[in-house]
Structures are given as C-alpha cells and as structure tokens.
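Read top to bottom, the protein sequences are chains S and X.
Anchor point for the first sequence: position 82 equals 82 in our numbering, and the numbering is continuous, going up by one each time.
Anchor point for the second sequence: position 96 equals 96 in our numbering, and the numbering is continuous, going up by one each time.
Derived from the structure by calculation, the hints contain no laboratory data.
Worth double-checking, as some hints may not be accurate.
Unchecked claim - Interface residues of chain X toward chain S, partial, derived using beta-carbon atoms under 10 Å: (1) Gln74; (2) Asp160; (3) Glu179.
Unchecked claim - Derived coverage of chain S by chain X (criterion: at least 3 residues anywhere in the stretch with Cβ under 8 Å from a Cβ of chain X; other residues may be distant): (4) 81-90; (5) 170-179; (6) 242-253; (7) 274-286.
For every residue, glycine included, the Cβ atom is placed at its ideal position computed from N, Cα and C.
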Amino acid sequence: MSNQTQTGKVVPGRYLARTKPATRRFSGRLPSGFVWVLPLLLLVGLVFNLPLLMTAASSLVDQKTGAFTLGNFEQVAASKVYLPVVWRTIRIALVVSFACALIGYPLAYWMTRLSRRGQTVALAIIVTSFWVSILVRTYAWIVILGNSGIVNRFLMASGLTETPVEFLYNELGVAIGMINVLLPFMLLPLFAAMLQVDPRLRQIAFTMGASSFQFFWRVFFPLTLPALGATFILISILSLGFYITPAILGGGKVPLIANMLDILINQFPRWNLAAAISLVLLVLTVGLFVVYQHLRRVE
Amino acid sequence: MKNNLAVGLIAVAAASLSSTAMAEPAKVLRILTAGGEWTDAVQKCVDAPFTEKYGIKVELETPAGFAKLAGKNQAGNVDVALMDLETTELERAQASGMLDPIDWAAVAPFEMFPDAQKPYGFAHTYFSTIMAWRPDAKAPANWQEFFDTENFPGKRALPDYPGYVLAFAALADGVPPDELFPLDLDRAFKTLERVKGDVIWWSAGGQVAQLLDDNEAQYAIGWSGRIVNKDTLAHSFVGGMLETSWWGVPKGSDPAMQEAAMLYLHEYSDPEKQACVAQYISYTGPSPALDPLLPQDRLAQFPNYKANRDVQFVTDGKWWYDNADEVERRWQEFKLTQ
C-alpha cells in the first residue's frame, strides 16, 4: 500500500522531467548552442540531403521525355526482374543478421567473462579487422574456400570429398563473406551492452538459489535482448547496401540491390529507374531504422 | 640576310596561322579512359613524353563507359576532352550528339589505316576477345566445344558484359559465323541458360588470369592483352572477336582543352609510341608502319596480326547500337533472375 503511494508520488515528477525537453522543442525556441551546429547542418544539408532529394526527384522523371511520371515505380513493381533482387537482398540480410547474432552473442558473452587484459586483447583483435580493406578481406575467402583453397584441399586430401565443395559463387559464399565483414558491428555494441548489466545481479541471483543456466535465461538474456534486437536491425541495415562481397564471392550470380544499381547506372544509363529503386531501398532502410531507434529507446 | 627574312616570314606566318586556327591549348588535358594494364602502358609511352614535349599535364579518370559520358553530359559538366570508347559506344555517343568531330587538320596524324580515321573517332587500339584455358584442361577447338560442359568439364569465367559474350554463345549454338549478325539473341541466351550453373562472371579484365591461375575456373573468355603473355595459360584466337577502341572528343568540353587533345592524338598516331605500348601489353595501334617496330618473337600475340586476323570475326557495332534496348532488357532478365 505504502509502496503504491510512493510510486504515485514519484511518477508525476519523473514524467514532468522527461517531457520537459519535448515541450521545449515544440515551443519554437532553439536550444542553446544551436549556432555551433549550424555549419554541420548546412554541410549535411548541402552534400547529403540535397542530392538525396534530387535523386528522389529524378525517380519521378521520364528518362526520354523529362516529364513527370510514376512510370519508373510502375516498372519496378511490374517487372519480374527488379523485385526478386530486392527480395533476395532482404532474405540474405536476414540470414546474415541471424548468423551474426548466433555467432556474435556467445562470443560477446565470453568476452565479458574474460579478465580486463583478456578483454583488451580480444577488442584489439576485433578492431584490427576494421583496418584491413574490405576488398582484401573478401578476396581472402577465395584463398580459403576456393576450389584449390585450404578447406577444399584438406577435404579432398582427407578423402571426405572427391570433388571440391562449392562454397563460393552462390548465396552461401556471399553470406559467409558478409558475416565476416559485419560480425564486429554485432560484437562491439553487444559487448558494450553486456558490460552495462550490473555484475551484482549475478551474485543476487545465485544467493536466491538460481543456477547459472537460470541466471542466464531469466536475468541476463532478457536484459540484453533489446541490445541484441537493435544490433540485429543494424546488421540488417548494413547488409542491404553490400556491393563488393556479392560481386566477388557471388561470381556475378548473386546480384543484390547495389549490384543491380551498378548495372542500371554504369552499364546501361537508366538513372531514373535506378533512382526509383534507390528510393525503395531508402524506404526499406528508414523503416528498419525506425525499428532500431525504438529498440534503442527500450534498451 | 635573305635567310633571316625567310625565317622571319615563316615565323610570322606560323604565328598568324596558329593564332587564327587555334587558341592557346590548355595546360591540363583530362582524359576519361579504361584503366588497367593498357592505361598504365599508355601513361608511360604516350602521356609522359607528351607532357614533356608540350608542358601539358595529363589527368586521367577511370573507368570509361558511355554511361559516364551521358552522366557528364546531362549534368552539363563535361570536364574531359578525350575519352575511350568501344565501337558500339562510339556509335551511340555520336548518334546522341554527345561528341564533337575530331579536327583531323589539327591532329595532322602520322600515317594511319584508312578505317582508323572517322569523323568522330580515332582508332587507338585493336584488341580481341578470345578463349583461354588452363593447360591441364582439355583444349577446346571452337565455341561449341568451349560451351560443352559435359565433354569439357569445368567452370567458365565469362565477361559480365553482353557485348563480349553473346556472340560467342550464339556461335556455340551452331549459328554459322558468316550469318552471325544480325545476332540471334534467342540462340545466344539458350547457350547461356544451359551453362549458367558452371559460370563465374567477371567484371575486371585482370580477373581472367587470376581465376584460371587459382583453378577457380578452367575455361575463360577474356581480352587478349590480359591473356596472351601469360605462360601459365593456353589460348586460341580461333573464333575470337576483333574489336577497335576509339578516342572520341566529348561535346561541350573546354575548347582550349580540345586543342590539347588534338596535339595528344598527333602524338598517339606516332608508330614509335604505339610500339612502346605494345611492349607492355599485346595490343597494337592504327599505324601501318608498326609491324617492323614490334618485338618479332611476339607477333603471334597481337590481335591484328594477319594469321590472327584471318581466324577472327569483326563485331558489328551498328547492330549493337540499333538493338541496345532489346539486348539490355534480355541481359537484365537473364542476369538478375538467375
């Protein structure tokens, strides 16, 4: 009873404190220090938002006549060529995100259990991979998984297979390459979120008689789930824009949206159609971003 | 005295001629070009001596392509005075009004093959698209065998460009070479549909030798200059496609820079310079005086060498231009839905 009255008192206060910035935003007064942000806003507006708007505008223009048209979007929707590539991109993005979560979560958890020095070493190893060019990292998979790569040579020498296993030049190869590139983006935020979990919770749970298993599934995992969800979305967003990996490890047979745009922009000059497809990609990405922001707030 | 007068008169005449005929050429010449080994060779053999002779700096933008030209044209920002074009692209760019004619009087070239001089095009390179394979794979004798994945097992590395693969695919389906154009797209795509499971598509010319050397592919179609000098690869010019690359002058580029471009073309027509390029990459230029200057032990590597020329076909740039939309539609359908 007393507990209830207590929260009854506290909540309005919190509520006010939280909504204050929001009401200020709508009152028309600019936050202090706005002037200092102005140059950056101008820069972003000029070199990013404006070209983006122009791309959006050109998606509504007929390439031949220059007149206003919805034809480019109709073409995207009606063609049996473009939408399947969009679906494939989404499918691979989901597969890659799932795989990153499956590999990344245990790895990040393991890192939290290391000594401080161990964590530093692990982090250093992960961060170093950022310094290696994505092109090199992608091509390296040919050395490992190619027909005469290390893995296939081992498999054939050990008699497990007679002909080389086809890891590359299909969706599997593309997914492997993408997971490799994206895993650090999963690891780092997850690791940070896991460190935020109060270590005393573990002791409390054990004091209350929980097993390690119970502590993990009933306390730790639920607490880190929003972070996992947010990074999952983050990986999906990043996956949508991959170009080099599908080009090299897909052997030109697994075109994703970016590769399709390359064909429409560089091989055949079909920019207005390409702009329409870009816009579809943008809407998709912004949609995912909204989910991401929502999850971050929960977190 | 008389001599001095004559020299003076010539100088005055030359000065007045040059002032009326041309303004001062620009100090920087920007060129849109292909990139890769060929461009590296041109930089050494043509660009560097050109800069030394005229004091004009050469700036390169790579890779080229009709889409880039069209982009610059649409943006109203044509910042290159020369660009590298394939025959089809030359046709297309000219028909779309995106090129200025070449001022052949200003170029005053060394002797060139007659078909190398067009109003809008300066033929700079003859190159071939040919078959290559690993020496440990069974050697194909023609395109039927090349695309016969049952009797000639292995992966095929094929160009990710319709213009460099469809003709061979049509030949493989039994189209007689003398009836190749107009190209039967149905028969070409029939072949590609049949073999697509065994194909790795490449987009950069250097990938061909890499994929074959790494044993990722056993057979390949590639550009001759990237293949013939590799000892580790077998190749054949039989049934190959002889093509010409052109220099063109994008319309709307700075007139002073175009002046510089004409000087550059003059230098490019010099057989010594073309022979120099051929040392680095086995492509030859438009000079009939080139043969004695070439490394004699490597003549069989050059696309335009008589014995090679006789077994190849010449692509029909006009047909590709006329059918660009249809090719584009069919190619996208094939490539994106597989």
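Problem set entry | 8 Å C-beta test of the segment 274-286 of chain S against chain X, three or more residues | violated (count 0)
Exercise. Against chain X, does the segment 170-179 of chain S show at least 3 residues with beta-carbon separation below 8 Å?
Worked result: Violated: only 0 residues of the segment 170-179 of chain S have a Cβ under 8 Å from chain X.
Problem set entry | Per-residue hint verdict: aspartate 160 (chain X), partner chain S, C-beta under 10 Å | Holds - the Cβ of aspartate 160 (chain X) comes within 10 Å of chain S, reaching about 5 Å at its closest.
For this session: Take the segment 242-253 of chain S, compare each residue's beta carbon with every beta carbon of chain X, and decide whether three or more fall closer than 8 Å.
Result: holds (count 4)
Exercise. Hint check: is the beta carbon of glutamate 179 (chain X) less than 10 Å from a beta carbon of chain S?
Worked result: Violated: closest Cβ of chain S sits about 27 Å from glutamate 179 (chain X), beyond 10 Å.
Exercise. Are there three or more residues in the segment 81-90 of chain S whose C-beta lies closer than 8 Å to some C-beta of chain X?
Worked result: With 4 residues close enough to chain X, the hint holds.
For this session: With chain S as the partner, please determine if glutamine 74 (chain X) meets the hint condition of a C-beta pair closer than 10 Å.
Result: With Cβ-Cβ at 8 Å, under 10 Å, it holds.
In this structure, the hints that do not hold are numbers 3, 5, 7, in rising order.
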